[in-house]
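Asker: Assemble chain Z onto chain E, guided by the hints.
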Amino acid sequence: MMLRGMLILLMILGMVGYALAQDEQPTPDEPIIVTDDQVNAIANRLFCPVCENIPLDACGTAACADWRNEIRLFLSQGMTEDEIRADFVARFGDRVVGVPQDPLLRAISLVTPWLLVAFGLLVAGRLFITWRKHKAHIMANMSQTPVATSAQTHNPYLDLLEEDLKG
Amino acid sequence: MITEIGLFALFFSFIAAIYAIIALVYGERRKNEAIVLSGRNAALLNFGLVSLSAGMLMLDIIFQNYQVQYVWSVTSPDMPMFFRLTALWGSQQGSLLFWTMLMSGFCAGAVLLNWKVHRRLMPYATAYMMAVVIFFAGITLFFENPFARWWYVPTADQPFTASVLRPDGAYPANDVSVAEFMSAFSAQQRAFVSISAQIIPNDVALPTQAVFLRASDLLPDVLVPSAMLMTSQALPEMVRAGDLPADTSIPFSAVSNASFVLRGDLPPTAQIAPAMLDPNMRLDLVSYNAKGLNPLLRHFGMAIHPPMLYLGFVGFIVLFAFAMSALASGDLSTNWIKASHRWTLFAWLCLSLGLILGGRWAYDVLGWGGYWGWDPVENAAFLPWLMGTAFIHSVMIQEKRGMLKTWNMVLAVGTFSAVIFGTFATRSGLVESVHSFARSEIGFPMFFFWLIVTIVSVWLILWRRSRGELRDEHPFTNLLSRESLFVLNNLIFMALFIAIFWGSFGAPIVSEIFLDTNITLGKDYFIPVVTPLFIALYLLMGIAPLSAWGATSLKRLGRSVIVPLALTIVSLGLFIGQATDKNGVLNILAWLGYGLVLFSGWVAIYETYRGAVARIKAHGESLPVALYTLLRRNPRRYGGYLIHLGITVIGIGVIGSTVFQQETQQTLAVGETLAIADYQIRYDGLEQGQISQDGRIMDIANLTLIRNGQEIAHLRPRRDFFPNAGEGMNSMTISGAHSTIENDFYVLLVSWEPVSASSATFKVYINPLVNLVWWGGIVLIFGTMFSFFPKETLPERIRQRVQKAETLGLKGVTA
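Sequence order for the protein chains is E and Z. 14 is the number of the first residue of the first sequence in our numbering; add one for each residue after it. 6 is the number of the first residue of the second sequence in our numbering; add one for each residue after it.
If we strip away everything but chain E, and leave its shape as in the complex, we get:
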């Protein structure tokens, strides 16, 4: 009985919520007001299709102003940021976005530097392992070499500092 009551309550709440959510959506007659900030937020992540390497929001050409107006129009028509970006890529190619949308290009762009870095780390790791193999040998040699440190002063840090100050 209680369970049923809770279910009914949930249904009512759901319906009210749905109705409220519907109220927040503009009706077809009501235009969506698009602010400059919304336009710039998208334009900032697009490059000017004609002037290379200038973000669309910062480009001062008349063409870029038109493209920003286009973004405003798309937003007012209810398009999402991803849809607008996809539209620009479809028209001008992957050069207008900071990272290509094409899956292959995207993978190549993002993975390659990490692969190269990983390779570098592997090489370095291998070198460290090789060096450590010499450690026992070195330690043996060091044990035969008199250490001119704490015997003269009682501050190990000062010994290290003096060693450093020799340059």
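If you're looking for bench data, these hints aren't it; they were derived computationally from the structure. Virtual Cβ for every residue (Gly too), placed ideally from N, Cα, C. Misleading hints may appear alongside valid ones.
Chain E stretches covered by chain Z per the calculated footprint, using a threshold of three residues with CB under 8 Å from any CB of chain Z [what the hints assert, rightly or not]:
| no. | region |
| --- | --- |
| 1 | 65 to 76 |
| 2 | 102 to 112 |
| 3 | 117 to 125 |
Okay, derived cross-link-like pairs now, DMTMM-like style, lysine to aspartate or glutamate, Cα gap no bigger than 25 Å in a straight line [said to hold, decoys possible]:
| no. | chain 1 | residue 1 | chain 2 | residue 2 |
| --- | --- | --- | --- | --- |
| 4 | Z | K587 | E | D50 |
| 5 | E | K146 | Z | E404 |
| 6 | Z | K587 | Z | E668 |
| 7 | Z | K528 | E | E83 |
| 8 | Z | K528 | E | D100 |
| 9 | E | K146 | Z | E478 |
| 10 | Z | K36 | Z | D336 |
Answerer: Just chain Z now, with coordinates in the frame of chain E:
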């Protein structure tokens, strides 16, 4: 005459450099000191001649010798002397000559300062430097001659351009019909000349602020087929030629000045429309349409940013030359490092300064509220900095422990290779950006030069390595040692190098060549990729100074970390406000970022303090004396700590200004206010058409900045238009900013109502802590300058006494 002297001086400098190489290499191999010395002198002469050449070009610019194409393209009669002086490096040809002069200057400096001390290395080092100078002098002479005159190449493909400026009163006061106007030109001129006219009305408030006409529209027998009439304030609207009525009148009555550009095969002294000119006017056909400096370069920072970058770039030639000389001569001890150490540090300082000033210039002039846009040309300058910084760290291991010999060679060569590649990328048209020079013919020569330099260098390194001459004197013994941490630091620098190179050049080139697709990698790529690497770098910057050479125990390292860590935790409390976003939510990651950066800074301070305290205890010195002694005994170490401190301050500024930047854009009517954070700005009005001394037309907005109900500043963001700038960039957005230690309130004038100016659109940024980026740069400069100080060395007699005293166990003698 000035021009001819400049050209011949450049030519003879080229010859002198060739002679220097031959004499130095031949003389050294034959052990003929006289020939070697003549080669040395030729290298010095080269600097004298290149300087003379650059000086003559400067005189051409100062005296406005517009017959020289370069002068015509970078200056104009109304340009102030300050910008005229900076025009020497304002475009490709002049900047190449300037570059060559600096490079030759470094060579001459190295010859004068290092010849006696490093006699064995110097002949080959000088020869290598001269080889690079020859290349740059050669491309300046044969591809990008800054002394070319207009009439040297008046071909159909490259006609000269000339113009006439009409001063007030030179043209009729009334409007003239097009046909009447053109009747002043002879039939011959009409047949060969196309004319564009730029007319600026007297009354800038008129909707038509600029009128561009091409006479080919107006007369059928003129060459250029299209024409346009451009109207309104920012040259935005074009009316096609066909739309012009045949009886169009030129509104001379509303004209304050006009210029007419001729393109054709007429000599530059041709008289144009003499009937229309004031007979008292001294007519110089070429000068009056001189373009003037690129508007973007008309900024105080441009007086020092390019020279600093160039000094940084070319300064690495000394490092490269000594490394190559060591490889060629077989002197693979640390002599090449000692010989090049200060030169490298100087180049690094200049490059750092150039990068910081470049950021400041972008912040002031490019009008996008930031200072680093991950633009390929910015990155091209950053790449040698990264590799040079790695070298400066790693070379200490070779000096101290005789390790990483091959790696240091790779870094020395790689740094210069990155310089040449960056130069190639910037000047060849490989990448396009607001920074780069126009596409030019020097791309292929420069690419091949870069390839040859790199291949030869790598081959020499491999050859010496295969002979076992670059073998390390000690192996690494412990992962927790300073040398191991420096190696890690180098790895991070290299990872950053790879990531940035790939994003700027690798991926775009690979995708274009193999996938036939143009791509651009922007901040969506760079920020996620480089951020973890910078985090690792700051972490190492904090830990490495606490470690010891050879080996450090984890326990000792842990003990050393306690104090800086405690200081970091305490000081982090001050940054809670700076790590809170506009909704009042603490950004934990950014806060931790501040903590990491602060930790590395505290370590630098703590290590200096700790050293001083150790000396106070050991030698009974006062704190100032202890500090002074430390600094004098190893300025490189403590200068380095100061540099770390500078990098810390920069890091705090970067986190604040990027993570917590706020921006908004709104259109305001006069009297309306815009609110952002706890600020308000009120739009008070627009001053349109202000004409400055250098000919730019400025539209300036007046804004009042209000905080907590108090007016705290008046800001004047503006748009500058450069009517004579020609094609491309002819306007600039100059911000209005209110700077405090807390933040910059930064406003841009985006657009406005053309006639009434009753409303205007503004883009407003709040850039928290951004000024720390510049202040950190200043600390970094001081630190590097400090590292230059000569290390205190004791005279031999005193040193023997000290050693004797030490063996007897006397305390305090070494102080």
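Asker: A separate judgement is required for each hint: does it hold in the structure or not?
Answerer: Here is what the structure says about each hint:
no.	hint	in the structure
1	65 to 76	holds (count 8)
2	102 to 112	holds (count 7)
3	117 to 125	holds (count 6)
4	K587(Z) x D50(E)	holds (15 Å)
5	K146(E) x E404(Z)	holds (24 Å)
6	K587(Z) x E668(Z)	holds (11 Å)
7	K528(Z) x E83(E)	holds (23 Å)
8	K528(Z) x D100(E)	holds (20 Å)
9	K146(E) x E478(Z)	holds (16 Å)
10	K36(Z) x D336(Z)	holds (16 Å)
Checked against the numbered hints above, the structure violates none of them.
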